[in-house]
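Colleague: Each chain, written out:
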Amino acid sequence: MPDDRIARLPERVLEMAMEHAEAAEVFYVEASNTPVRFEANRLKGIDANESAGMALRIIKDGRFGFSSTSNLEDPRLLVNAALETAPFGAQAKFTFPGPAVFPDVPVYNPSVNDLTLDRLVTLGESLVKNIRAVSHEVSVEGTVSRGISRIALVNSNGGRMRYAKSGFGAGFEGTVIRGEDMLFVHEGKSVVGAALDGGEIVSSIRRQLEWAKEIAPIDTGTMPVIFLASAVASVLLFPLLAGFNGRSVLQGTSPMVGKLGQRIVDPRFTLIDDATLPNVPSSRPADDEGVPSRRLPLIDHGFAANFYYDLQTAGLAGVSSTGSGERDLGSLPSPGTGVLIVEEGDAALEAMIRDIGDGLIVEGLLGAGQSNILGGDFNANVSLGYRIRGGRVVGRVKNAMVTGNAYRALNDIIAVGSESRWRGGGLRTPAIACAGIAVSAKE
Amino acid sequence: MHEGIRSQIEDALRNTGTDYVEVRVEEAESSHVRFRGSDLEEIGRSSGMGGSVRALAGGGWGFISFNDLDGLRDKVKLAVQQARIVGGEPVVMAPVPPVIDVVPPRVGSRNPAEVPLARKKAVLEQYARIMQGVEGVQSSSVNYGDGRRRVIFASSEGSYIDQERLDVSMRLSAMARNGGEVQQAGESLGSLGDFGFVESLHEQAREVAEKAVLLLKAPQVKGGEYTVILDPILAGVFIHEAFGHLSEADHIYAEPRLQELMVLGRKFGGPHLNVVDGAAVPALRGSFNYDDEGVAGTRTDLIREGVLVGRLHSRETAGKLGERPTGNARAISYRFPPIVRMTNTFIVPATNEPRDLFDGVKEGVYVKNWYGGMTSMEMFTFSAGEAHMIRDGKVAELCRPVMLSGNLFTTLHNLDMVANDLDMNQGGGCGKNGQSPMPVSNGSPHIRIRKTLIGGGAHAG
Numbered sequence: 000m001p002d003d004r005i006a007r008l009p010e011r012v013l014e015m016a017m018e019h020a021e022a023a024e025v026f027y028v029e030a031s032n033t034p035v036r037f038e039a040n041r042l043k044g045i046d047a048n049e050s051a052g053m054a055l056r057i058i059k060d061g062r063f064g065f066s067s068t069s070n071l072e073d074p075r076l077l078v079n080a081a082l083e084t085a086p087f088g089a090q091a092k093f094t095f096p097g098p099a100v101f102p103d104v105p106v107y108n109p110s111v112n113d114l115t116l117d118r119l120v121t122l123g124e125s126l127v128k129n130i131r132a133v134s135h136e137v138s139v140e141g142t143v144s145r146g147i148s149r150i151a152l153v154n155s156n157g158g159r160m161r162y163a164k165s166g167f168g169a170g171f172e173g174t175v176i177r178g179e180d181m182l183f184v185h186e187g188k189s190v191v192g193a194a195l196d197g198g199e200i201v202s203s204i205r206r207q208l209e210w211a212k213e214i215a216p217i218d219t220g221t222m223p224v225i226f227l228a229s230a231v232a233s234v235l236l237f238p239l240l241a242g243f244n245g246r247s248v249l250q251g252t253s254p255m256v257g258k259l260g261q262r263i264v265d266p267r268f269t270l271i272d273d274a275t276l277p278n279v280p281s282s283r284p285a286d287d288e289g290v291p292s293r294r295l296p297l298i299d300h301g302f303a304a305n306f307y308y309d310l311q312t313a314g315l316a317g318v319s320s321t322g323s324g325e326r327d328l329g330s331l332p333s334p335g336t337g338v339l340i341v342e343e344g345d346a347a348l349e350a351m352i353r354d355i356g357d358g359l360i361v362e363g364l365l366g367a368g369q370s371n372i373l374g375g376d377f378n379a380n381v382s383l384g385y386r387i388r389g390g391r392v393v394g395r396v397k398n399a400m401v402t403g404n405a406y407r408a409l410n411d412i413i414a415v416g417s418e419s420r421w422r423g424g425g426l427r428t429p430a431i432a433c434a435g436i437a438v439s440a441k442e
Numbered sequence: 000m001h002e003g004i005r006s007q008i009e010d011a012l013r014n015t016g017t018d019y020v021e022v023r024v025e026e027a028e029s030s031h032v033r034f035r036g037s038d039l040e041e042i043g044r045s046s047g048m049g050g051s052v053r054a055l056a057g058g059g060w061g062f063i064s065f066n067d068l069d070g071l072r073d074k075v076k077l078a079v080q081q082a083r084i085v086g087g088e089p090v091v092m093a094p095v096p097p098v099i100d101v102v103p104p105r106v107g108s109r110n111p112a113e114v115p116l117a118r119k120k121a122v123l124e125q126y127a128r129i130m131q132g133v134e135g136v137q138s139s140s141v142n143y144g145d146g147r148r149r150v151i152f153a154s155s156e157g158s159y160i161d162q163e164r165l166d167v168s169m170r171l172s173a174m175a176r177n178g179g180e181v182q183q184a185g186e187s188l189g190s191l192g193d194f195g196f197v198e199s200l201h202e203q204a205r206e207v208a209e210k211a212v213l214l215l216k217a218p219q220v221k222g223g224e225y226t227v228i229l230d231p232i233l234a235g236v237f238i239h240e241a242f243g244h245l246s247e248a249d250h251i252y253a254e255p256r257l258q259e260l261m262v263l264g265r266k267f268g269g270p271h272l273n274v275v276d277g278a279a280v281p282a283l284r285g286s287f288n289y290d291d292e293g294v295a296g297t298r299t300d301l302i303r304e305g306v307l308v309g310r311l312h313s314r315e316t317a318g319k320l321g322e323r324p325t326g327n328a329r330a331i332s333y334r335f336p337p338i339v340r341m342t343n344t345f346i347v348p349a350t351n352e353p354r355d356l357f358d359g360v361k362e363g364v365y366v367k368n369w370y371g372g373m374t375s376m377e378m379f380t381f382s383a384g385e386a387h388m389i390r391d392g393k394v395a396e397l398c399r400p401v402m403l404s405g406n407l408f409t410t411l412h413n414l415d416m417v418a419n420d421l422d423m424n425q426g427g428g429c430g431k432n433g434q435s436p437m438p439v440s441n442g443s444p445h446i447r448i449r450k451t452l453i454g455g456g457a458h459a460g
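Order-wise, the sequence lines are chains A and B.
Residue 376 in numbering that gives the first Met the number 0 sits at position 377 of the first sequence; the count goes up by one each step and never skips.
Residue 184 in numbering that gives the first Met the number 0 sits at position 185 of the second sequence; the count goes up by one each step and never skips.
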């Protein structure tokens, strides 16, 4: 792609828009990525994707107009489309941020440019080989991918933001089929630079296969449950994030309305949104509206500390943006989190398993988030979970569901793990054990 | 798209020096409107232009996607180079005749592209007002989107298909709160190229809002196994998740053990169970003339009288398994290679009246509408938007929405009754391998399933 387009084009569109509008903002993204795909234990395909696009937000007669395009040849069309929507748009409740000083957040590492296709293929092949070495029953599929993106934002108040991001990741799934029984294990990892430790993926998959070796019975009832990192994310954090979204609070649909400063969960639980962490794939110097990133505690030792806002929601609520404006090219920004960190506790996983004695470990869930998450509820099939008996893991459970409420579960914490894991490039959490979780099982 | 695009594409496909190459070029336009509460939150328009090349060399695929259509011939070369790195046992694509065709969009009673933004906003605003006017509603949202997609598909085998489609989707949802308790209700709808249905949803908007309020007082179903009766909308989601995904041959074509489990002729249910998928079923969101490999859409029997008789294919999976291609290779946009997807999937109606299904059900759950659904092949979940207890064969009290869970190899055998009232669900969309939401439809008559696991608290209430 032309190197200087990111410098020229947004400025030109801004100028064109300002011939008609009171204020304007152009958000520009160009990205390239190279996924190398493996299927049935072998290399299957190599992709290379390049994309570029921009979004234009204008304020005219106090109202928003919005348009976006991936056709960069004729910016006039983009400006006209935004002008066309403005008479119907929402009333603007903020002004675009002016020039700002951004924190130094390294998210681009030029070493990803040295990742040739050969190196991606070699890494993937060694992962397939090493996972198969754990068990020859496993059929492996997965992707190794490298990507670079460049993001720019310019607005009519002098706000200017531009940065580049790099990423390198691998995600692999193993399938074991015995008769009519199917087992799926999965692990992934992503980093900003070229140093990716495939060994962590293999050892995690080895542990999952080990724990899932036998099938263990489970009955309907309530029991203590250890949620491993993925399950913490899908059943505990996502409902909380719906409740801490400034927009749900503004609309009065969050159970957290009026709870800021109050204790809402166990004091051992702290959740921080921090997109300023260096060398984390989801970090960023500024949000997608050009507001500098910051460290924002959402829940501080059990107390509701902050809600997260983009510019418009903050304007409507009479507060300030928390640097949490998130957008894809096709729509206006909305409140979104950057990098979520759950603070570690003091319990080693083995100790948690031993202390619980009789219960369940949940690793993967199917259908989490497809119930009333706004109210904090979770209700999902345990796609990968293990029965604990006599203080040790005795095997995998099947045909079981867990049901509960994130706020209540986090009030019933037994222990918070001492060791964290990254899930994707934007979430790090230890395992959390909660008491009294409802489990439904087939008879 | 400019005039010279055809010769540009055909030049790029000449003498590629490899087994197979296809080019897709796409032009898209969309508009969306969202109300939150009584206020318009967002209105916008998007447009896009881009293309992709997919090349096959021996056993490997190379795929590249781009926005800039210049230098198409070099892009073909690059895709071929990438495919050659892969190697392996050669892929045999099932043969299909080359097609040259132009397919204009299907337009219903009202063309969404011709409805002015002002009119769209005015219609949707009525629903926002209706929902906000229901006592006890804390907030609501109305989400509307329409899109036009024109895709040119050309292959080194001589196909050149210029196809256009219009997709309309819509969701109404309402939220009610009582202190720390929040409940929500919603309804998703859609159509292929018809704005008409969007104009008469006043009743649905009121019902959605009233339901959200009622749910605050509704008890929770006790977790466990129940006889459940599914309305046509949820039963459509059920068959999509419970069976549809595993009938997609890309899950099994490279895995001999899965092929054994999904062998044609295997019994999956009773003689009353018949399941069909097909893009050739007309005028639904999953309908089209040609898939993204240029294969004509068909109608495929998947289960006939309880027995597995067919599956959904791309040219590669059909070639590998020695079956006929079904025209189910779809890509959500030029940014992705086509993969095997469902189109319009449904359970064929039988002769029972819906009320017959309730006979003899002492305690069960009547589940309606949908919230979501997922599958990991053997296990699947689907969540209902609405649940009522069934007591002594009659629909009883409203309960909180439930999540249901099943197992591919047992749940269909427990499906013991099928009614006669087929209805198709056109809301939402399907996600697979990062391509979401793919426009599909699914449907069914009312069905009854024994011993279905429902997630819930240990005690009712």
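Honestly, the hints are just simulated from the structure, not real lab data.
Source: prediction; values computed, not measured.
Ideal Cβ placement from N, Cα and C applies to all residues, glycine included.
Among the clues, some could well be false.
[Said to hold, decoys possible] In the EDC-like style, the derived pairs of lysine to aspartate or glutamate whose C-alpha atoms are separated by at most 20 Å in a straight line are:
id	chain 1	residue 1	chain 2	residue 2
1	A	K258	B	E41
2	B	K76	A	E49
3	B	K450	A	E179
4	B	K450	A	D218
5	B	K431	A	E38
6	A	K128	B	E88
7	B	K221	B	E180
8	B	K431	A	D218
9	A	K92	B	D38
10	A	K59	B	E41
11	B	K120	A	D60
[Said to hold, decoys possible] Ranges of calculated distance between the beta carbons of each label pair, as one might list FRET restraints:
id	chain 1	residue 1	chain 2	residue 2	range
12	A	N112	B	P104	38 to 48 Å
13	B	T350	A	E72	34 to 44 Å
14	A	G257	B	S108	41 to 51 Å
15	B	L116	A	A6	46 to 56 Å
[As the list claims (entries may be wrong)] Residues from chain B that face chain A, not an exhaustive set, calculated with beta carbons under 10 Å:
id	residue
16	M48
17	R53
18	L214
Colleague: Does each hint fit the structure? Answer for all of them.
Modeller: These are the hints, each one checked on the structure:
no., hint, verdict
1, A:K258 - B:E41, "violated, 28 Å"
2, B:K76 - A:E49, "holds, 16 Å"
3, B:K450 - A:E179, "holds, 19 Å"
4, B:K450 - A:D218, "holds, 15 Å"
5, B:K431 - A:E38, "holds, 15 Å"
6, A:K128 - B:E88, "holds, 18 Å"
7, B:K221 - B:E180, "holds, 19 Å"
8, B:K431 - A:D218, "violated, 32 Å"
9, A:K92 - B:D38, "holds, 13 Å"
10, A:K59 - B:E41, "holds, 14 Å"
11, B:K120 - A:D60, "holds, 18 Å"
12, A:N112 - B:P104: 38 to 48 Å, "holds, 43 Å"
13, B:T350 - A:E72: 34 to 44 Å, "violated, 59 Å"
14, A:G257 - B:S108: 41 to 51 Å, "holds, 47 Å"
15, B:L116 - A:A6: 46 to 56 Å, "violated, 33 Å"
16, M48, "holds, 4 Å"
17, R53, "holds, 9 Å"
18, L214, "holds, 8 Å"
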